[in-house]
Amino acid sequence: MSTTLAQAPSKPANVPLATAGLLIGMLLSVLDQTVVAIALPDIAADLGGMGSIGWIVTSYLLASTATGALYGRISDRFGRRPVFLVAVAGFVAGSALCGLAQTTSQLIAARTLQGIGAGALFVLPTIALSELYPQHLRSRVQGLTGGVFALASLGGPLAGGAITDAWGWRWIFYVNLPLGLLALALATFALRLPRPGGDGKVDLPGAVLIAGATVSLLLVAEWGGRAYAWNSGVILALAGALVVLAGLFGWWERRAGNPLLPPRLFAGRTLRVVLPAAALLGALLGGSIVYLPTFLQGAYGMGATQAGLALNPYVLTFMAVSSLAGARIGASGRFRPYLIAGAVIVVAGFALLAWITPETPYLLFAAGIAVLGAGFGLLMQNLVVVAQNAASPADLAATTSAVVSVRGLGLSLGVALFASLLARELQGRDPGPRATAAAIPDVLFWGAPAAAVLVVLLALLPRTGRRA
Numbered sequence: 001m002s003t004t005l006a007q008a009p010s011k012p013a014n015v016p017l018a019t020a021g022l023l024i025g026m027l028l029s030v031l032d033q034t035v036v037a038i039a040l041p042d043i044a045a046d047l048g049g050m051g052s053i054g055w056i057v058t059s060y061l062l063a064s065t066a067t068g069a070l071y072g073r074i075s076d077r078f079g080r081r082p083v084f085l086v087a088v089a090g091f092v093a094g095s096a097l098c099g100l101a102q103t104t105s106q107l108i109a110a111r112t113l114q115g116i117g118a119g120a121l122f123v124l125p126t127i128a129l130s131e132l133y134p135q136h137l138r139s140r141v142q143g144l145t146g147g148v149f150a151l152a153s154l155g156g157p158l159a160g161g162a163i164t165d166a167w168g169w170r171w172i173f174y175v176n177l178p179l180g181l182l183a184l185a186l187a188t189f190a191l192r193l194p195r196p197g198g199d200g201k202v203d204l205p206g207a208v209l210i211a212g213a214t215v216s217l218l219l220v221a222e223w224g225g226r227a228y229a230w231n232s233g234v235i236l237a238l239a240g241a242l243v244v245l246a247g248l249f250g251w252w253e254r255r256a257g258n259p260l261l262p263p264r265l266f267a268g269r270t271l272r273v274v275l276p277a278a279a280l281l282g283a284l285l286g287g288s289i290v291y292l293p294t295f296l297q298g299a300y301g302m303g304a305t306q307a308g309l310a311l312n313p314y315v316l317t318f319m320a321v322s323s324l325a326g327a328r329i330g331a332s333g334r335f336r337p338y339l340i341a342g343a344v345i346v347v348a349g350f351a352l353l354a355w356i357t358p359e360t361p362y363l364l365f366a367a368g369i370a371v372l373g374a375g376f377g378l379l380m381q382n383l384v385v386v387a388q389n390a391a392s393p394a395d396l397a398a399t400t401s402a403v404v405s406v407r408g409l410g411l412s413l414g415v416a417l418f419a420s421l422l423a424r425e426l427q428g429r430d431p432g433p434r435a436t437a438a439a440i441p442d443v444l445f446w447g448a449p450a451a452a453v454l455v456v457l458l459a460l461l462p463r464t465g466r467r468a
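Counting from 1, one number per residue, gives the positions in the sequence shown under this note's numbering.
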């Protein structure tokens with residue numbers, strides 16, 4: 001693979017404004033994963049097409065997850081800022097079309113366009129922020145992105161409900177326009193990074209193969225046991241496609257001139273541990289984020305807005321620990337003890353929540369979710385920084401894209417897996433919000449052994465996460 005020297009920017013970056021623009025883009029990408037769900041009944045009543053209404057959420061998720069891994073390599077070729085600007089512009093255009101949609105099919109198509117843009121809006125800021133700041137500040141700065149993730153993930157239903165009640169469902173998409181334009185303006189004016197050197201080739205065959213494998217896996221998880229039986233032709237065909245496409249991807253990456261995921265990344269132990277750990281972390285995040293608001297509504301009779309506010313102990317501890325621990329870890333460079341501690345705390349958080357019942361006082365529930373938020377705050381972005389610090393500058397984008405994309409894939413799979421567990425727990429129970437709330441702790445129980453596996457994985461990390 002031929003390489004060239006990086007091209008220096010014509011003028012220095014305005015780091016605070018560039019950071020703000022990147023974080024706004026990240027906020028939009030995560031917010032639109034969750035903000036729509038609460039408005040689905042209003043959308044169905046307005047547009048019809050109840051049978052396909054779930055695709056309004058699924059199309060966005062598939063598009064953003066399948067394209068995320070590609071953006072790192074594209075930005076190596078064309079530069080971080082131009083690719084970020086194009087992605088934000090696509091996201092804004094998709095948002096406008098969502099608000100203007102007159103049929104469910106039009107809305108699904110517009111959500112797919114949104115998702116293609118959103119695939120870049122978590123990956124590229126994670127890469128760019130690591131280049132804007134020196135290595136010893138990476139953990140502190142990436143802690144901000146963890147806080148944005150928590151705020152957007154759990155604040156999405158709250159924001160979606162409030163906007164839908166006040167102005168109607170179309171405005172959950174229209175509010176993206178001023179925020180997206182602000183992110184465009186800030187990045188255009190302030191974001192200046194050297195353009196990475198490269199031979200100008202983007203691994204499109206690898207991108208197509210990994211996107212196909214990702215979509216197949218997500219559809220198996222989404223449809224298996226619910227829309228289709230596990231032994232149905234559809235699920236078996238998708239599983240077969242997953243195996244074939246994943247095998248072809250591995251074969252192609254060893255032969256590609258500029259591979260999407262260079263095999264040399266796996267020469268060291270760090271990425272071999274971080275990728276499965278990131279997938280498992282994503283699954284635990286997804287399962288908890290989706291079902292905690294449902295528990296609050298069913299157990300305590302809260303509305304969507306009240307339930308969103310009741311999750312503040314989770315959000316605030318997540319954000320505080322992510323920021324404070326990021327500063328301390330960045331100063332010491334010792335990631336491994338903090339990551340292991342975070343995973344142990346997550347085990348404790350899920351174990352506490354497994355004992356909660358609908359009769360449990362809210363204060364005890366709040367303590368449980370605060371513990372869970374603290375554990376995730378230690379893990380969320382520090383796991384990414386460990387991988388970044390172990391990568392050479394030439395491989396920074398590919399490494400970051402891989403970790404963030406795998407975590408996003410794990411998050412989607414976690415939501416589907418926890419949904420299947422909840423459906424199993426509800427069998428034989430009287431239907432209703434109270435029964436659902438009573439079943440959710442039994443589902444969250446499985447987070448504790450899964451997090452224990454995460455402890456073991458993180459113990460396998462090298463003792464230093466900082467590249468010499």
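Derived from the structure by calculation, the hints contain no laboratory data. Wrong hints could be hidden among the right ones.
In silico SDA-like cross-links for lysine to any residue, where the CA-CA straight-line distance does not exceed 25 Å [as the list claims (entries may be wrong)]:
1) K201 x E253
2) K201 x G90
3) K201 x Q106
4) K201 x G301
5) K201 x A279
6) K201 x G250
7) K201 x A159
8) K201 x R264
9) K201 x A89
10) K201 x R255
11) K201 x L151
12) K201 x R254
13) K201 x W251
Consistency of the hints with the structure:
1. K201 x E253: With a Cα-Cα distance of about 14 Å, the restraint between K201 and E253 holds, given a limit of 25 Å.
2. K201 x G90: It holds: about 23 Å lies between the C-alpha atoms, which stays within 25 Å.
3. K201 x Q106: violated (34 Å)
4. K201 x G301: Between K201 and G301 the Cα gap is close to 56 Å, so the pair fails against 25 Å, i.e. violated.
5. K201 x A279: Roughly 28 Å between the alpha carbons, so the hint for K201 and A279 is violated.
6. K201 x G250: Within the cut-off at roughly 19 Å; holds.
7. K201 x A159: violated (41 Å)
8. K201 x R264: It holds: about 18 Å lies between the C-alpha atoms, which stays within 25 Å.
9. K201 x A89: holds (24 Å)
10. K201 x R255: holds (14 Å)
11. K201 x L151: violated (37 Å)
12. K201 x R254: holds (16 Å)
13. K201 x W251: holds (18 Å)
Checked against the numbered hints listed earlier, the structure breaks hints 3, 4, 5, 7, 11; every other hint is satisfied.
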